[in-house]
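Assemble the complex: chain R is given as a structure, and chain A must be docked to it using the hints.
Respectively, the protein sequence lines represent chains R and A. Heads up: the first sequence at position 13 corresponds to 78 in the working numbering, and the numbers run straight through without jumps. Heads up: the second sequence at position 276 corresponds to 277 in the working numbering, and the numbers run straight through without jumps.
The hints are simulated quantities; they were obtained by calculation from the structure and are not laboratory data. Quantities reported herein were computed from a predicted structural model and do not represent experimental measurements. The C-beta atom is built at its ideal place from N, Cα and C for all residues, glycine as well. One or more hints might be untrue.
Said to hold, decoys possible - Partial pick of chain A residues on the chain R-facing surface, computed with a CB cut under 7 Å:
# : residue
1 : ASP138
2 : LEU140
3 : LYS141
4 : LYS170
5 : GLU171
Unchecked claim - Heads up, simulated DSS-like pairs for lysine-lysine below, C-alpha to C-alpha not over 25 Å straight-line:
# : chain 1 : residue 1 : chain 2 : residue 2
6 : R       : LYS456    : A       : LYS178
7 : A       : LYS178    : R       : LYS366
8 : A       : LYS181    : R       : LYS453
As the list claims (entries may be wrong) - What follows is a list of derived Cβ distance ranges for each label pair:
#  : chain 1 : residue 1 : chain 2 : residue 2 : range
9  : A       : PRO75     : R       : SER351    : 46 to 54 Å
10 : A       : GLU122    : R       : GLU104    : 49 to 57 Å
11 : A       : GLU101    : R       : SER351    : 38 to 46 Å
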Amino acid sequence: MNRELQNKAPIMEALEAFKKMRVVPFDVPGHKHGRGNPELTAFLGEQCMMVDVNSMKPLDNLCHPVSVIREAEKLAADAFGSTNAFLMTNGTTSAVQAMILSTCKKEDKIILPRNVHRSVINALILCGAVPVYVNPHTHDRLGIALGMSVSEVEAAIKANPDAVAVLVNNPTYYGICSDLRSITNIAHEHNMLVLVDEAHGTHFYFGKDMPVSAMAADADIASVSMHKSGGSLTQSSFLLTGKRINHNRVRQIINLTQTTSGSYLLMSSLDVSRKNLALNGEHIYSKVVAMADYARNEINKIGDYYAYAGELINGDTIYDFDNTKLSVNTLEIGLAGIEVYDILRDEYDIQTEFGDLANFLAYLSAGDRFRDIERLVSALAEIRRRYKHSKLGMLKQEYISPKVVVAPQQAFYSLNKSLPIRECSGRVCTEFVMCYPPGIPILAPGEEITDDIIEYIIYSKEKGSTLTGTEDPNVEYINVLS
Amino acid sequence: MELWFSERHTPNVKLSIRVDKQLVSVQSDFQRIDIYDSNEFGRFLTLDGYMMLTEMDEFIYHDMIVHVPMAVHPSPKNILVVGAGDGGVARELCKYDCVEHIDLVEIDEKVVEVCKEYLPETAIGLYDKRISIYFEDGLKFIRRYNNEYDLIIVDSTDPFGPGEGLFAKEFYGNCYKALKEDGIMINQHESPFYKEDALIVQRVHKRIIDTFDICRLYQAHIPTYPSGHWLFGFASKKYHPIKDLKTKQWKALGIETKYYNTKLHVGAFALPNYVEELLKNVEPED
Chain R
66 MNRELQNKAP
76 IMEALEAFKK
86 MRVVPFDVPG
96 HKHGRGNPEL
106 TAFLGEQCMM
116 VDVNSMKPLD
126 NLCHPVSVIR
136 EAEKLAADAF
146 GSTNAFLMTN
156 GTTSAVQAMI
166 LSTCKKEDKI
176 ILPRNVHRSV
186 INALILCGAV
196 PVYVNPHTHD
206 RLGIALGMSV
216 SEVEAAIKAN
226 PDAVAVLVNN
236 PTYYGICSDL
246 RSITNIAHEH
256 NMLVLVDEAH
266 GTHFYFGKDM
276 PVSAMAADAD
286 IASVSMHKSG
296 GSLTQSSFLL
306 TGKRINHNRV
316 RQIINLTQTT
326 SGSYLLMSSL
336 DVSRKNLALN
346 GEHIYSKVVA
356 MADYARNEIN
366 KIGDYYAYAG
376 ELINGDTIYD
386 FDNTKLSVNT
396 LEIGLAGIEV
406 YDILRDEYDI
416 QTEFGDLANF
426 LAYLSAGDRF
436 RDIERLVSAL
446 AEIRRRYKHS
456 KLGMLKQEYI
466 SPKVVVAPQQ
476 AFYSLNKSLP
486 IRECSGRVCT
496 EFVMCYPPGI
506 PILAPGEEIT
516 DDIIEYIIYS
526 KEKGSTLTGT
536 EDPNVEYINV
546 LS
Chain A
2 MELWFSERHT
12 PNVKLSIRVD
22 KQLVSVQSDF
32 QRIDIYDSNE
42 FGRFLTLDGY
52 MMLTEMDEFI
62 YHDMIVHVPM
72 AVHPSPKNIL
82 VVGAGDGGVA
92 RELCKYDCVE
102 HIDLVEIDEK
112 VVEVCKEYLP
122 ETAIGLYDKR
132 ISIYFEDGLK
142 FIRRYNNEYD
152 LIIVDSTDPF
162 GPGEGLFAKE
172 FYGNCYKALK
182 EDGIMINQHE
192 SPFYKEDALI
202 VQRVHKRIID
212 TFDICRLYQA
222 HIPTYPSGHW
232 LFGFASKKYH
242 PIKDLKTKQW
252 KALGIETKYY
262 NTKLHVGAFA
272 LPNYVEELLK
282 NVEPED
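Isolated chain R (complex conformation) (with noise of 0.2 Å):
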């Protein structure tokens, strides 16, 4: 990385020269820098308004990009050691999309663990691809789905040498990552691409002693949400690809479905982004992971409460451990995850990323402080304090092995019919069903539905979990085979 080109922003600085052009607009979009909105210019700022603008010859074309983007792009390759860098503004799921619909086309095979992101399984659905899944096994204690095991994964592909391509989820949402470098030399060895999933990752690639990046690894193309961890406005991302990929074509297929009116707001976030973690990232990331462990102690001195990190590292399946994430099973107070989630905000004003049945998600960034830390934890101890009861009849299963019946994306496109939920064992599923989040799938289009599934919708829904995915918006009903 070149620290010195890392210093520019190319499209803030061509926006920012761009304002005191002062350009008179006619052209999209139609506020003209916020004069015909006063009401959104007043709540969002003037400055924001501003730079809420159209491509331009000033400012290039997303979809085509030849100078300002163009530059944006190389520095993040630069920033991130990949050889080309996309800035996507439709989110992580267009960049998951873009990596699957590049690398496998109808019927072809993709070798995946099954706990991955909805986006995944809808790429399978848009390009037609079918899914080995490599069972990611779950943890005994915490109940929650661990990394892609390296003799699975090569078993997989001794079976499925047809397979394209390997897709790791690295690192989940709880911060659990597969040996990424081992995964990606025996799928090399077979002619497999490898994919990876590092929306929760984009610190690997800044901070200092952290798991590897999935381009430090020598993998193929990875998504990375720089609005999670690396500061940048939701929904924008980046794409990632090594040397194997013609990148010509990944932009092609990009621009099947992505906006033609990309956002500067999101596109400028990115670059300004990019540059921050390029020059501070390491002191940054020092910090967050500084203050993950100060809670995690903290937490764990409460009692019951188990806040895990690097302990549970076992070689294989928890290969490495992310410590900026703050995972923190809740079962021994007797609460599942998803209550717990509830109550920190609904009486404690406190919002964490997500709770499960027996864990929740406290998302650490560069913007968190000590002080607040302190809050979250009393806030743990005084939930205990009030709400400890005995466990007994507390769910934890988070993973429940899929029977693939047909592909996805067959299975979508099928005539079925909707039955209430009770009635649905032993058909074939043709939707998804998840909380959200994590928003990973209880069920794919394609999949068997069975007793153990029905029951742990249901449980999950008793909790307080959000379920979605289905067509009918309360859940009662799921779209089955005919």
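Chain A only, in chain R's frame:
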């Protein structure tokens, strides 16, 4: 030359005090600390530009935050003071022989340092043998205690900045846990007058009534605080602030006060209608 200190009490109102000279200005890890001399209010301390105390009117605040609970609790021996690095609360507490030990938790060591040097009249309280001073976040300090204190006095700054955590529901819950079964918590409860401040009074009251069985507010008139109309919170597990007032015993102690007396004690709990209304809105219906 005219030199004025001004503090905005709302976006449209400010209070200005003519300054004779500025004595010190330091930036600590937490806040900016300033000490000024003035003709009208004597020496005064500000944190991040907000008035904390003046030599002229600090007796009102310190009398009311200390002597009210001390005249109710029959034997307050072990006391926790959160904030109050200026020493004023400790000074008043140390007038009582029944007090055996005081833990004083101040987040900012620099405040104590500056007050010891420039505000000896209040800082005198910090030198008593019965006091242990801890420099840490009160919210963190209190987590480790259970059934420990007879009285907790929360002398916080404002609900923004470093004192934010001392207005959180989890803090009051932690205080409840740290108090003995007949313990009392007194907190600086902001002003009910200006709209934004009134909302804070309401939110804080809601958080305290969710935690303590007995919660009453009382008032005092403090000229240099926004609107001058100031509230304190009396939260308790057992004692009622008026029914359990020990008038005779307290008078027998012969403690000299400039503002507080037991008649005023009773009167201070009688609140204006608009304040009663404000509080009733968040109280559960009987």
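Inset, instruction - Kindly indicate which numbered hints from before are broken by the structure, ordering the numbers from low to high. - result: Violated: none.
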